[in-house]
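Engineer: Residue numbers (this note's numbering), protein chains in the order written: chain E, 1 to 135; chain W, 1001 to 1129.
What the hints contain is simulated information worked out from the structure, not anything from laboratory work. Backbone N, C-alpha and C fix where the C-beta goes; we use that ideal spot for every residue, glycine too. Careful, some of the hints might be misleading.
Derived Cβ-Cβ restraints for the label pairs, each shown as a range [stated by the list, open to error]:
1. E:P54 - W:P1074: 42 to 50 Å
2. E:P54 - W:S1075: 39 to 47 Å
3. E:E83 - W:R1070: 40 to 48 Å
4. W:G1083 - E:P54: 30 to 38 Å
5. W:K1101 - E:D104: 34 to 42 Å
6. E:A52 - W:A1113: 28 to 36 Å
7. E:E108 - W:A1086: 49 to 57 Å
8. W:D1027 - E:D104: 33 to 41 Å
9. E:E107 - W:P1074: 23 to 31 Å
10. E:A52 - W:G1058: 19 to 27 Å
Among the chain E residues that face chain W by a calculated CB cut under 8 Å, a handful are [claimed, not checked]:
11. L25
12. I39
13. E40
14. A41
15. A42
16. E46
17. T49
18. L50
19. E53
20. L87
21. V89
22. L91
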Amino acid sequence: MNENTASSDRPDTVLLVENEVLVRLAISEYLRHCGYRVIEAASASEALTLLAEPDIGIDVVFSAVELGEETDGFALARRVRTEWPGLNVILTGNFEKAAREAGDLCEEGPHLKKPYEPQQVVDWIKRLRNLRRDK
Amino acid sequence: MPSILIVEDDPVLRFVLAEFLRSENHDVMEAASADEAVEILSSAAVVDLLITDVEMPGSMDGLALARRVRANRPSLPVIVVSGWGALPDLRGLGLSAFFRKPYDLDNVAAHIASLALDRNTDDAQAGGL
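With the sequences and hints as input, model every part of the structure.
Structural biologist: Quick look at the structure:
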């Protein structure tokens, strides 16, 4: 086990765990716009691989509940709380909730402001998905 | 700012390359598989350059993805990276470049700079795959 805490000379680092790539794209972009350093994981196993890297330095785990594999967000959160007890874990049930939680994180975050409203993230995810479904 | 889509199933390698390219002021999107890359390329997101690994889980590998891009978006530059011992068969893919892992990040950045990525090509718009 490593401490895996971020040093103070870089923006707060969020590990975003989301198996829906278009949702991950929009939420990660939003968090970067408000100043976070975002590391993307497409699954719980990817998240655990990144958490085990001592040089990355993660402050917050921001995970969907449904991850499309055996280890879901709840199981990931339990594992994180056991192995990295200093890390905050935020679980989100759907992309609207994820956008709201990301908005809250932006209000608390390094730049102390939202770059735009979370609803715009929701709208962007819907636009991304709608074009895909039209294909 | 041109957008780069990185397709890599190793989350640490993907993070390192993405972080480096962001530090070079590129707009970077990440996909963990070729299937995820197709999702992005078929969406409203705009992609100006694709960088893909070869061996990945899912319905297609990076070479199949490159062939699909070549067929549907012929002007989208594609860079392939691979750690395979044997050189993969890259014939007919019209690649912009091939880098063997472990690649030098500065060489990748220099190549991207040499491409002078231009978003104003006909098929560089969203949803072109």
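Engineer: Hint by hint, note whether the structure agrees.
Structural biologist: Verification of the hints:
1. E:P54 - W:P1074: 42 to 50 Å: holds, 44 Å
2. E:P54 - W:S1075: 39 to 47 Å: holds, 42 Å
3. E:E83 - W:R1070: 40 to 48 Å: holds, 44 Å
4. W:G1083 - E:P54: 30 to 38 Å: violated, 23 Å
5. W:K1101 - E:D104: 34 to 42 Å: holds, 39 Å
6. E:A52 - W:A1113: 28 to 36 Å: 34 Å Cβ-Cβ, so the 28 to 36 Å window holds.
7. E:E108 - W:A1086: 49 to 57 Å: Holds - the Cβ-Cβ distance for E:E108 and W:A1086, about 50 Å, lies within 49 to 57 Å.
8. W:D1027 - E:D104: 33 to 41 Å: Violated: the Cβ-Cβ distance is about 25 Å, outside 33 to 41 Å.
9. E:E107 - W:P1074: 23 to 31 Å: The hint (23 to 31 Å, Cβ to Cβ) is violated, given that E:E107 and W:P1074 are roughly 45 Å apart.
10. E:A52 - W:G1058: 19 to 27 Å: At roughly 23 Å between Cβ atoms, W:G1058 and E:A52 fall inside 19 to 27 Å, so the hint holds.
11. L25: This interface hint holds because 6 Å falls under the 8 Å limit.
12. I39: holds, 5 Å
13. E40: Result: holds, 5 Å to nearest chain W Cβ.
14. A41: holds, 6 Å
15. A42: holds, 4 Å
16. E46: holds, 4 Å
17. T49: With a closest approach of 5 Å, the E:T49 hint holds.
18. L50: holds, 5 Å
19. E53: Where the cut-off is 8 Å and the nearest Cβ of chain W is about 6 Å from E:E53, the hint holds.
20. L87: Hint on E:L87: violated, closest Cβ of chain W at ~17 Å, above 8 Å.
21. V89: violated, 18 Å
22. L91: violated, 20 Å
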